[in-house]
Structure formats: structure tokens, C-alpha cells
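Please take these sequences and the hints and turn them into a complete structure.
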Amino acid sequence: MTFARNLAIAVALGVAAYLLSISLSPFDNLRLASMAYYFVALAGLTVLTGLSGQISLGHGALMAVGAYTSAILISRDGWALVPALVAATVVTALVGVLVGVVSARLRGPYLAGATLAFAVGLPGLADKYPHAFGGENGLTVNPPIAPTSLGANFPLERWEAWIACGCALVTFVVLAGLARGRVGRSLRALRDDDVAAQLAGVDVGRLRVLAFVVSAGCAGLAGAAFVAVTQIAAPGAFQLALSLSLLTGIVLGGLGSLWGALWGAAALVLLPSWSDDIAHSLSLSGDVQANLPLAIYGVVLIGVIMAAPTGLQGLVRRLSHVVRGRLFKPEEESA
Amino acid sequence: MARFVDLTLNGVSNGMIYAAVALSLVLIWRATRIVNFAQGGMLMITTFIASSVIGSSGSYWLGFAVALASGLVLGAVVERLLIRRVADGPALNAVIVALGLLVLLQALAGMIWGGTPRSFEPAFSIRGYFIGGRHVLFGPMDSFTVLAVLGVAVLLWLLFQRTSIGLQMRASAFAPAVARLQGVRVGNMLTLGWALAALCGSLAGLLVAPAVFVGPNNFDPILVFGFTAAVIGGLDSPVGGVIGGLVLGLVLSYVAGYWGSAMVNLSALFVLIAVLMVRPEGLFATRAARRI
Amino acid sequence: MTRSIGRTALVASAAAGLVAFAGCGGGGGSSASAPGVTKTSVTIGSHQPLTGPAAPGYSEIAPASKAFFAYLNSQGGINGRKINYIYKDDGYNPTNTVNVVRQLVLQNKVFAIFNGLGTPTHTKVVPFLTAEKVPDLFVASGCPCWDDGGKQPETFGWQPSYQIEGKLLGNYIKQKFPGKKVGVFYQDDDFGQGGLAGLKEEISSQIVSAQSYQPGGTNVAPQITAIQKAGADILVDFTIPAYTAIGQLTAFKVGYKPQLVVSNVGIDPTTVGGLLKEFSKGKADTALIEGALTDSYLPPTTDLSNPWIALFKKIHDQYDAKAPFDGNVEYGMAAAYTFAQALKAAGSNPTRASLVAAVEKGGFTGPGVVPFRFSGSQHGGYAGVQIAQVKSGAITPIGPAQVTDPGNGPIKPYTTKQPDPASGGIVKP
Chain A
1 MTFARNLAIA VALGVAAYLL SISLSPFDNL RLASMAYYFV ALAGLTVLTG LSGQISLGHG
61 ALMAVGAYTS AILISRDGWA LVPALVAATV VTALVGVLVG VVSARLRGPY LAGATLAFAV
121 GLPGLADKYP HAFGGENGLT VNPPIAPTSL GANFPLERWE AWIACGCALV TFVVLAGLAR
181 GRVGRSLRAL RDDDVAAQLA GVDVGRLRVL AFVVSAGCAG LAGAAFVAVT QIAAPGAFQL
241 ALSLSLLTGI VLGGLGSLWG ALWGAAALVL LPSWSDDIAH SLSLSGDVQA NLPLAIYGVV
301 LIGVIMAAPT GLQGLVRRLS HVVRGRLFKP EEESA
Chain S
336 MARFVDLTLN GVSNGMIYAA VALSLVLIWR ATRIVNFAQG GMLMITTFIA SSVIGSSGSY
396 WLGFAVALAS GLVLGAVVER LLIRRVADGP ALNAVIVALG LLVLLQALAG MIWGGTPRSF
456 EPAFSIRGYF IGGRHVLFGP MDSFTVLAVL GVAVLLWLLF QRTSIGLQMR ASAFAPAVAR
516 LQGVRVGNML TLGWALAALC GSLAGLLVAP AVFVGPNNFD PILVFGFTAA VIGGLDSPVG
576 GVIGGLVLGL VLSYVAGYWG SAMVNLSALF VLIAVLMVRP EGLFATRAAR RI
Chain C
628 MTRSIGRTAL VASAAAGLVA FAGCGGGGGS SASAPGVTKT SVTIGSHQPL TGPAAPGYSE
688 IAPASKAFFA YLNSQGGING RKINYIYKDD GYNPTNTVNV VRQLVLQNKV FAIFNGLGTP
748 THTKVVPFLT AEKVPDLFVA SGCPCWDDGG KQPETFGWQP SYQIEGKLLG NYIKQKFPGK
808 KVGVFYQDDD FGQGGLAGLK EEISSQIVSA QSYQPGGTNV APQITAIQKA GADILVDFTI
868 PAYTAIGQLT AFKVGYKPQL VVSNVGIDPT TVGGLLKEFS KGKADTALIE GALTDSYLPP
928 TTDLSNPWIA LFKKIHDQYD AKAPFDGNVE YGMAAAYTFA QALKAAGSNP TRASLVAAVE
988 KGGFTGPGVV PFRFSGSQHG GYAGVQIAQV KSGAITPIGP AQVTDPGNGP IKPYTTKQPD
1048 PASGGIVKP
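Chains as they are written, first to last, in the working numbering: chain A, 1 to 335; chain S, 336 to 627; chain C, 628 to 1056.
These aren't lab readings, by the way, just hints derived from the structure by calculation. Incorrect hints may have been included.
Have a look at the derived ranges for each label pair, beta carbon to beta carbon [stated by the list, open to error]:
hint, chain 1, residue 1, chain 2, residue 2, range
1, A, ILE22, S, GLY390, 56 to 64 angstroms
2, C, PRO1040, S, PRO475, 27 to 35 angstroms
3, A, LEU150, C, SER701, 45 to 53 angstroms
4, S, VAL513, A, MET306, 24 to 32 angstroms
5, S, GLY390, C, ALA980, 50 to 58 angstroms
Glycine included, every Cβ here is placed at the ideal spot set by N, Cα and C.
Given below as C-alpha cells:
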């Protein structure tokens, strides 16, 4: 029953994405694609941090693992797109096993510190092994070619949006099922009181690792989708700032919620471009103009969290309760 | 052998900078249980202020004093205006607010002082001492760095262990409700904790600025390694912060010297994992009875 | 069921609204072969690091180019068209580079991309620009990789490639310092590796130590002391200005005083002197790089008797006065001049194809002291450099201009003098 419901929601979202993709300009399709791959990463991260309570500052590096895996397979070994996406997910999930096992004993800021060191250290491998990873320049892949059944002039950007949205939908269905099922309940129990959970028979250590594996797999898929959309895999794209952005995204959007991941993904793509537009519409001196988008970004971050401590999804939920309160009886639910 | 000595000295002076940043992070953690990602931004602002004061007044020590004072003020203001509002909520909210503050501070610095890094005067000569027929990789400025950071660490230890204010601060962090009942002004203690932490950060900025120059992004690597050092040493322990800084500084120096610069960041990870595998709460974690 | 579908619809329409709202943007329309060109204007775009760790120095280049175009526009522009230059911040992050370049081409509909800055950033947009047939002129990077007219027909370099630079510096060292030990301190990317490769073509046997640094790292003492320990009498720096300065501070710390040789990328005395100012106390800011050998392909910014410098200074004072008048500003203006030449040569009704053809035809002369390597197959940029030295804090040419290729080709002197600015018919000084 739950699975059918999630599938229905996914279909509805898929239809919405389809309609968007055929009406948006090429550049806006790229933005849609960016939101989609951010959603994949954020969904995994929100399961890890929101549901199982483990902070990771290293998911940007996990995205890099997925990105490089798919870039190498596609450009060097000639793999097709879908097998490369799957392989990237699997490889990153395996790295997630390693990270999860190492992290299982760590809590709070210690886990944050370890994952931060991971995020800062991993890009160095690209410089240490330039033959394999292309050094500072990274790797480039050819743009994905739409199947001929779609027509000869199918716009590249729309195809990229479809690929990314496809990954997002799959992620949604899988994680929604996970979150509502037994695993999700056990994760929440683990987050809220791990001693009690252990007493109730939950295998705490294994569950922690599982959460890491799931979130790593998502990050890997997001990285592979990133490569499909941008055609690049370079160390400059996966710096610490990316990991911090991902964390920002799940908190802004609403921790522990897949809808929150969606809001977060939209915010991560739209907020910088809005602050850019605002800055350009005012004509200011060079230094002020160049830094204004960043200043706006910082202010919005602080402002939103202070005004909406449960994130944008929390706001939406409050709004919908108010609206529904006028129409139906208020119901208890967890998203 | 000479190379080993040089690398060791280099590691010690770098390590002390990481220790200073680690101390400020430890202080904030002990006071409010928050990881302050904005620390790098705050110390960058105070160093810029120092640079402007030194430039207009010509006096290094005046700028030094103003930097420390503005650190105190900045830390207090940030705690009162921002952190106070989010400290009671989910832990991650404070982290995101700190990140937002970091971005905002870097942008403001870029607007006020421009993005071009500036030269910063060292307190003492940077030329290495002449020992054994050559200049070693350690000079008066490095001695000042080591002594200043150790001095601050000792002063903080004395404050926490030997004074009433320190006791109140510790009580406010561990058991705020009980402390309030005892008449401790918990809110003021939290503000004081942030102010002192920002002071440590300002010191770190002043000590490292000659070597990395003063710019909106120039202190980012120092913060990352400072945080790593704090985690290695144990976020609860100022002594741990200093030892963690030293260990990290030494390891990174040896790695850069014997293995190559590309592996430096990754070795920080290895050191961290190695320590946390054995002691998941850092080298000097307080083994207080906590929930496992 | 209703509830979640209803919520889904809400989300979907909100998302659509958000995306559509954010997506407003237009490009001035024109024809298919010449987007960005109207009867009165030409629109070009660029990606630049305006913020972030790579911004220092480089953030001055695009405003300087814009200032030059503003001056040109005040005189009527090129063939009656004003040049409209849009440059966007990518923060030196290739993801942003891809995004802003796609935005410039797809949304702003620029005629060409001009002076895109950085190797790790620009290499990521070349496939897109090649596929879309957008002219990609005068990349702001010395990577030899732009010089590939066969596979990258739209892309052209501008500054001398790092490998050519290394080769010519190495050749000079071979002649003036035969047999002396050489140490190399270089950035661990295309810039440093290219320079090292060029050096090795000439003085491989003299190099006793080559140490790299990661841009962003703060500790270079292990590298400098390793070079000192190897006994190098000459230190070659393929570094950006910050690391030239840090390297020299470390050398000063350990009393190491080799003959310094620095790439043109890292020697600008205004920038490096600014970083060393507080260590100089009474002595010249540039004391630690005084006497350093370097190379240049443009006249020194301190030579106000040179008509190009006089022109650039006049434009700078009028349109870009807040920036220091240093090598970055000169770079921006000189590159802008080359673009103006290309646009003029593209004819009174320029198309993207005619622009590219005009550059391949080549023959541009201007502020550069050497010619360009532009032809059907060569898309390389300046063909050589002139050896120079920092004397009294100013870059002073000390040898003849020389040209060569990145490979095993011979090194030939180039003696043709620079033309006068007015003679090109582009700008009235």
C-alpha cells in the first residue's frame, strides 16, 4: 500500500518534471537538472543526518567518487550511461561501507571532523595520481546523446534534465519506501535514543553503517548525474564548499524529510542566481558588486534558519495545517 | 638530520597556529556545545582591523591590542545576537547559522577592504636563528608564536580551574539549569565564553597573518586544520587542543617534506582516523559518564 | 491520497513558478550566424574569478578590458558597433564556469567568449563551445592545450604558453649560467608542470631539485629548504605572485639567496611588492625580488615613454582608476585590443565564422613585443618572450625578443619593432 502510494507520488512528480522540461528554455532545463542531482544527494544526506542523526561534512567527496567513477567508465572504457550510473552508485556505496565502519564509533563533532578531513583530503588524490584522474584539470566526457527514438533534434539540455530527474525519481521511490518502513523507524529510534533502541533489539552498529551506505550510494548517483549534466569531473568542483552546501541544503529545506530535500535542492540552485541578479540590477562599485551575492546568500541563510528552525518544509507543513484546519480535521502524520 | 630538524621546527611553529585556532573552538564547544565554523571569518575580520590600525597609526602593538579587543567584542556580539537565538534548537541549526555568518563575513571583508591580500607585519623578525653555521627554520617570530599560544593556554587553564568565573563557566556549559539555581548568570557566561574564544582566534590570526597574508579567503586552510587539531585533541580539552595542534603540525610538515605536498591534506585525514579509532572522543577526552 | 497528490501538485506548480520566475532573461536578438551582433553593438562574454582564493590580481583583468572597450566605444566602436562585455564570476570553480558559460551562450546569446580565465575552469567549457560553434578567443591561460586548431577550431590562446616560456628561460640560463645547479619551485598544475617541461627541454641536466606546491597550501618551507639543501644556485619559480612572495620570505628566513628566475605570471612587482611590503621596513618593497630574472611579452608598465603604456594609463585613469596600474590591468587592455583587431578584421557584417577566420588569418601587431602563433592549425597565442630583469623594482627588458614553438623547434630572435597605437586604425590615442 505504502509502495503504491509512493509510486503514485513519484509518477505525479515525474509528470510535473516532464511538463516543466518541455516548456523551459535550455538554460532553465539545466537548472532543473541541477536541482534534480542536488535532490539525489540531499535525499541521501537527510536520511543519514536527519533520520539516523549522523553528521557528515564529507558528502561532496562522495559525490566526487561517483562522478569520477562514471567519468572514467564512460570516457575511458566506453560504458553506456545507465550502467555507468549504476556502477557509480555501487562503487560509492562500497566507499560508504568503509566510511560508515570507520565512523560508527564517532559521535557529533568528532564524526563531523572526520568527514571534514575526508572532504578536504580526497581531492588531493587527483593531483597525486594525475594519470588516472586528470590532475587539476580533471576529466571531461562527451555529452550524453539522446536516443534516436526521440528525434534527431532533441535538445541536449532537455535530455540532461530527463536523466537527472529520472535519477531523482528513482531515489525518491527507494528512499520514501525506506523511510516509512522498518528501516526508517529503526533509524529514527537510533537517532532519538540509541541506548533504548539497542535494548529494543536494534543492531545499532550495523544500522549506522547502513545509513552511511544508503546516503553514500545516493551521493554517488548524484555525482554521476552531475557528470551527465555538466560533462566534467574535476577537483575544483568538489571542494569543501560543496559538502557544506549540501549540509546547508538539508537544514534549510527541513531535516529528515524528502520534501525538505526538494526545497533544499531548489534553494541551492536558485538562491545564488537570485542574489546574483539582485547584485547586477544595482550598479555598485566593483568590490561591492562582486561580493554582494555572497553577502546576500549569508544573510538569507541566517535569516531563514532563525525564522524557520524546522526549515522550509516545516514552514510548508505549518501552512498546510493552517489551511487544512479550515477544511478538514487536522491529522497527525510524519512525512 | 638537518632536514629532520628543520621539518620539526617548521611543524612546531605551524602546529602552534593550529593550536590557537583549536583553543578557540574548544572554548566555544565547552561553553555552548556548538562547532563554530565562523571562527575563521571572525579572526579574519579582526586581523583586517589590525592591519588598518597599524597602517594608519604606525604602531604594531596598538594594532595587536585592537585586534584582541575587537575579537572580544565580536565574539560577544555574535553570541548575543545570533547564537543565543538558535542554541536551543536542533544542533545543526547553529552550524548552518555559523556557516552563513562565515560567508557573510568574507563577503563584507571583500567589500570593505577589497579582495587583494595585504602584507602583514610580523611582531618580530622572521629570520631564522643562526645555529650551527646556518639559519634554522625557526626565528624570533616563531618563538613569539609558541610562547604566546602556550601563555594563552596556561591562562585559560588557570581561569577555568582556579577562578570562580571559570567554575561558573564550566557549570553553565554542563548543567545550566542547576547553575541558574545557584545564581550563576548563565547567559553572561556563554557570552564570555564566546568572547574569550574569539580572542584566541584573533591571536591566531595575528600570528599567522605575516605568512599567509591578509585576505577574505586566506585563513580558510588554518581553520580546517585548527578544527582537525581540536578534534584530535578532544573538543572538551584545551590541553588537547594544543597537543592536537602540535601533532598535526608535525605530521603535516614531515609528510610535505618526505612524501610531497599533494598528500598533505589526505594525511591530516589519516592522523585523525588513527586517533579517533583508538579514542573516539579525541586524545584527551574527559571520560565523564556519558551516554554511550 | 487526495492530500498527497494535492501537495504534490502544490510543490510542482511552485517549482515551476520558481524556475520560470528565475529564468527570465532575454538575449538581444539577431541572426542565427551572428547572435549577439546588432547594427550598433556586439555582445561578448567571459568567465572570471571575481571572488574566492583565485581572485587576487586576476579580478582586475576583466574590468581593465571593459575600460578599454569603454574608451573604444567612446570613439565609435569597431565598424560602428559598440562592444558590450559581460563577464561573470565563476569563483575558479569549474562547475560554475560550465554554468555561467552556458548561461552566456544560451541566455545572453553572446557573439563570442573572450578571455575566459583559468586552465582547470576553461578546459571544461571548450567541448560545449566547440559543439555550439561559439568563437572562444584569447583564453587567459598559458596552457599549451589551446593550440589545437584541428580538434578545437573555435579556441585560441593569447599569452605565450607556459612551455614556450620555460624553454626560453631555460635557454637563457643555459647560456648565462652554464653548469650551475638549478632548483625549480612550481605550482602543481598545468602552469607549473608546463613550465617545468619547457625548462627540461633546455637544462634538464642542470636541474637538481624540482618541488611542487598545491595552490591553497600555506606551508612551503619543506620545498624551499629541500631546494636549498640540494645546493641550487638558481631558483626558478613557476608560481603565482602569492607563492613567489611566500617562497622568497621562506628563503629569507633560512638565509638562502639564489639567483631568482620567475615566470611572467608571478613577477608583477606591484603585486608581489605589495605582499612583501610589511617585511621591508624602510627598504624597497620589492627588495626580495630585486635582480630577479623574468620574461615579458608586453612593454613594462613603468615605461611611460612607450606609446602603448601611455595609452593604457590614460584609459586606466579615466575608466578604471580604482585599480592599481599593474601587469594585470595591462594584460586586460592588451587582450581587449587584440579582440578589437579581430573584430575589425571580421568585416563590416561580422559572423562567428568570419571572426574565427579573421583570427586564423593572423598578422595582428600591437602592444606585444612578439608576434602571435595564429594560423589554420596554430591557435597558440604569443610565440615567445623577451628576457627581462627586475631593476629598481621595475621590469626591464635585457635581451632580444625570441620566438619558438612548444616542441623541439629552434629559438629565433624577433627584431621587428612594435607599431604605434594609432597605426592600427583601431583606436585614436
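Okay, which hints does this one fail, numbers in order?
As far as the earlier hints go, only 2 is violated by this structure.
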